[in-house]
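So the chains spell out like this:
There are 2 protein chains.
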Amino acid sequence: MNALGLVSTRLCAGLMCRRSAVSLSSLRFSSGMTLSQIDEEVAKLLQLKAQLGGDEGKHAFVLKTAKGTRDYNPKQMAIREKVFNIIISCFKRHGAETIDTPVFELKETLTGKYGEDSKLIYDLKDQGGELLSLRYDLTVPFARYLAMNKITNIKRYHIAKVYRRDNPAMTRGRYREFYQCDFDIAGQYDAMIADAECLKIVYEILNELDLGDFRIKVNDRRILDGMFAVCGVPDEKFRTICSTVDKLDKMAWEDVKKEMVNEKGLSEDVGDRIGEYVSMQGGQDLAERLLQDRKLSQNKQACAGLTDMKLLFSYLELFQVTDKVVFDLSLARGLDYYTGVIYEAILSQTIPALVSTPAEQNGADEAGVNVGSVAGGGRYDGLVGMFDPKGRKVPCVGVSIGIERIFSIMEQKAEASSEKVRTTETQVLVASAQKNLLEERLKLTNALWNEGIKAEVLYKKNPKLLSQLQHCEETGIPLVAILGEQELKDGVVKLRNVVSREEVDVPRADLVDEIKKRTL
Amino acid sequence: MNALGLVSTRLCAGLMCRRSAVSLSSLRFSSGMTLSQIDEEVAKLLQLKAQLGGDEGKHAFVLKTAKGTRDYNPKQMAIREKVFNIIISCFKRHGAETIDTPVFELKETLTGKYGEDSKLIYDLKDQGGELLSLRYDLTVPFARYLAMNKITNIKRYHIAKVYRRDNPAMTRGRYREFYQCDFDIAGQYDAMIADAECLKIVYEILNELDLGDFRIKVNDRRILDGMFAVCGVPDEKFRTICSTVDKLDKMAWEDVKKEMVNEKGLSEDVGDRIGEYVSMQGGQDLAERLLQDRKLSQNKQACAGLTDMKLLFSYLELFQVTDKVVFDLSLARGLDYYTGVIYEAILSQTIPALVSTPAEQNGADEAGVNVGSVAGGGRYDGLVGMFDPKGRKVPCVGVSIGIERIFSIMEQKAEASSEKVRTTETQVLVASAQKNLLEERLKLTNALWNEGIKAEVLYKKNPKLLSQLQHCEETGIPLVAILGEQELKDGVVKLRNVVSREEVDVPRADLVDEIKKRTL
Chain A
1 MNALGLVSTR LCAGLMCRRS AVSLSSLRFS SGMTLSQIDE EVAKLLQLKA
51 QLGGDEGKHA FVLKTAKGTR DYNPKQMAIR EKVFNIIISC FKRHGAETID
101 TPVFELKETL TGKYGEDSKL IYDLKDQGGE LLSLRYDLTV PFARYLAMNK
151 ITNIKRYHIA KVYRRDNPAM TRGRYREFYQ CDFDIAGQYD AMIADAECLK
201 IVYEILNELD LGDFRIKVND RRILDGMFAV CGVPDEKFRT ICSTVDKLDK
251 MAWEDVKKEM VNEKGLSEDV GDRIGEYVSM QGGQDLAERL LQDRKLSQNK
301 QACAGLTDMK LLFSYLELFQ VTDKVVFDLS LARGLDYYTG VIYEAILSQT
351 IPALVSTPAE QNGADEAGVN VGSVAGGGRY DGLVGMFDPK GRKVPCVGVS
401 IGIERIFSIM EQKAEASSEK VRTTETQVLV ASAQKNLLEE RLKLTNALWN
451 EGIKAEVLYK KNPKLLSQLQ HCEETGIPLV AILGEQELKD GVVKLRNVVS
501 REEVDVPRAD LVDEIKKRTL
Chain B
1 MNALGLVSTR LCAGLMCRRS AVSLSSLRFS SGMTLSQIDE EVAKLLQLKA
51 QLGGDEGKHA FVLKTAKGTR DYNPKQMAIR EKVFNIIISC FKRHGAETID
101 TPVFELKETL TGKYGEDSKL IYDLKDQGGE LLSLRYDLTV PFARYLAMNK
151 ITNIKRYHIA KVYRRDNPAM TRGRYREFYQ CDFDIAGQYD AMIADAECLK
201 IVYEILNELD LGDFRIKVND RRILDGMFAV CGVPDEKFRT ICSTVDKLDK
251 MAWEDVKKEM VNEKGLSEDV GDRIGEYVSM QGGQDLAERL LQDRKLSQNK
301 QACAGLTDMK LLFSYLELFQ VTDKVVFDLS LARGLDYYTG VIYEAILSQT
351 IPALVSTPAE QNGADEAGVN VGSVAGGGRY DGLVGMFDPK GRKVPCVGVS
401 IGIERIFSIM EQKAEASSEK VRTTETQVLV ASAQKNLLEE RLKLTNALWN
451 EGIKAEVLYK KNPKLLSQLQ HCEETGIPLV AILGEQELKD GVVKLRNVVS
501 REEVDVPRAD LVDEIKKRTL
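For the protein sequence lines, the chains are A and B, in the order given.
Just so you know, the working numbering puts 455 at position 455 of the first sequence, and the rest follows in order with no gaps.
Just so you know, the working numbering puts 367 at position 367 of the second sequence, and the rest follows in order with no gaps.
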């Protein structure tokens, strides 16, 4: 009996149990229960629930992945590998090392780090022992790692999956399991040098991935807070106004203002004052100009932010990236833990299908990221201190590459292109046109493997030549090494170019070199 | 207030609740409950449990990873990357593609696949929606993937983490989160060719990893079953006797026999007959001899297995691996789903510390794997059919590389070796001996990055030359490019070899080539 049979039997048992009226006499409770008594009762209730659940529609075994998740097929994996290679090469070029952390953390490690989004955290079932949750991002585990190991200096990248029970997942085209790809620099250093390197890295990666033109918006949490203060926003409304401002990339200013006034209770005046600032964009010049601004220059926070912004742009000049970087006062990233510079990279030309098909909207890897956003990050000097028993701070700055969105774009480019995506790297198929040559084929294949050649052979005693050639065409294998009685007698192999169909006899002794030469 | 503060406050609230005597009046039950009523009651009970639990010792926030899990630090990651590269190269040489599946599956996908071990599955909390579990291995998700996508032919590898709530985890030194590294060939092919390739792959990988001498034991589920039948073991005891035989690599025959007779109820006679067979080891010759065995040759299953074994060895001969492969009738791997050939690779010389330190015993990635086992697998022709709605079979054969054990051995070798494990690939540090040269350092670093050189620069305005050189020594950076007023004037850079301390002036125009030449 197969698994399906087994499953249905179990469900039937549940059904019968229901029909014969479930006795709940054993489910009496009294006050003063112990932990283990509660556990027992919970187990009983859940078992009962499973049985009842069997009665409510889902009898047949459903062959699918969990909601909001997907498999990656070989073609998607080939694209994923290509993207990872470009990104990892860049991280390594900048001297980064890498770490890995478990997929789940103690539940309390994640508690209090994500504000309202905490409800999106996946918890594990309490099966006895610790309460665990799947990681929600890579930043909090990184901070936990630094505090736990008392590390004060590190430049690391971490590429791994994170988990969010985003409810409108399928309608918004987001996945509940998705990759994050983070690069962070931790350590007490002179201002803005590490911050500038993070922006340089975004610039390099987006250039190398060849995703078209892009812009990197930069702002500073302190400038935002200073701006709100001088505009007359009450302190306790900074956060909520900040998240309204964050919508400016999707909404017109009028609507943003309406939300601030009607929903968040700002006066028209205050709204208009904010409106003046958030329309400003520029570079080092804008930072200098705002340092002279009558109101802003009175605010200590804003001045600190603007002075750093000026310095940042001087380093960005040296790193030759100012053609793409814009100081934009409307940028206000959502996460609570940012304390200084923040940034976000946006593709200029959103590929049209990206907006319209749900499958393509899955790139958004952080709440509130706009459609063309492919990277974001900032400085978070307080997070590690939240984990340190003595509250010791480790200043950090980092960037997260929106790798899922990039996968989507690359997949789409691959679809549109005439070039086929290869999912294997096989250089040659060892084939035969005649019967009874399996042993010779295996022997030659073995010799090629031993020489480091990527070789395949069909697992058939007497495959037809046509099906061997078809296998090459389907999978993109460029060469076929054909063995026949005559070739064996002559000590040669017929090497065939799959595309041009050109064939040439190569002496066995020269075969490896010849294959290497033709598949460079 | 930081996270610690928040957590303690929450726990205190729980404490107070306990002190004021929890009222359980709301927890009355009646029969005929609905699902949502049960959910409510369960939630109440669990909340109560959390409050009571808060009273039992763990008030302070504990800075740790979940039980049975660990972080990988940069050094461990560097070793991990090296091992993965060797293994993945081998898989690619054999024409494999790769897939990925979600870390959790529908709970019912895993149901009925692991026998008794099902209790080790991690379930996710029911937060509404589907019931989910963390994957227990990569084989069942692979079979689900094939059935779901109606794939009948594939050669794929999959390297990913799996999860097992192994209770004696820490004492036995096993981890609850660990890597599996699987290679499988699915498809209806002529006998034993794909099986032989799996063994060739194990051979290649163990050779290349340079872990010392090893042996690969081979047997066949059908030979085992046939042997049990002719020895007089009742059908229903095949599985349990099989798992006793599986202990022969850790226990003496006398003890194994004792278990069979005293615990499993076999007669002395039957035990002795089994004893004769399971002491047999050999190659193709042994398969031929057993095909003539008076009793075994009467058993259809055994004959089929032995005929295949003979054929397998003829292919292994062509693949030049018979020096390490042994047909061993005592090999009996635990998993239910094997239907034909099974195998296991064992290191001959177990590194002594491997046995004694718990940290080193973590390699065992399958229940019942013995100390030196580093790979195992076999043929499972029925598993995919368990998922197919019409029960269509897709024959499979595969191997799982015991990657965690291999990591441990490599880490230990690295510890013992005098050579330092580098965690970055940085070729050159851009440094300065004089003050006020930050801009020049950044400019040069930028130029090197743009040319694809892996370069670092310290994030300090005026770092001491000594600390710059120390950074190189600590992290293994081989070269320093030193800038000074004089060098800038002369249009050169002083290139210093960190180990030999030799310095040479290199014209700026030649610097990239010179660095490439020296760090090949």
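In short, the hints are calculated from the structure, not lab data.
Each hint should be verified, as a subset may be incorrect.
Since copy identity is lost for identical chains, a pair holds within one copy or between any two.
[To be verified] Pairs of lysine-lysine, DSS-like flavour, derived with a Cα cap of 27 Å:
1. K82 with K161
2. K460 with K324
3. K257 with K489
4. K107 with K250
5. K257 with K247
6. K247 with K258
Here the structure is a predicted model, which is why all the values come from computation and not from measurement.
Evaluation of the provided hints:
no.	hint	in the structure
1	K82 with K161	both (17 Å within a copy, 21 Å between copies)
2	K460 with K324	between (57 Å within a copy, 26 Å between copies)
3	K257 with K489	neither (85 Å within a copy, 56 Å between copies)
4	K107 with K250	neither (34 Å within a copy, 39 Å between copies)
5	K257 with K247	within (11 Å within a copy, 73 Å between copies)
6	K247 with K258	within (12 Å within a copy, 74 Å between copies)
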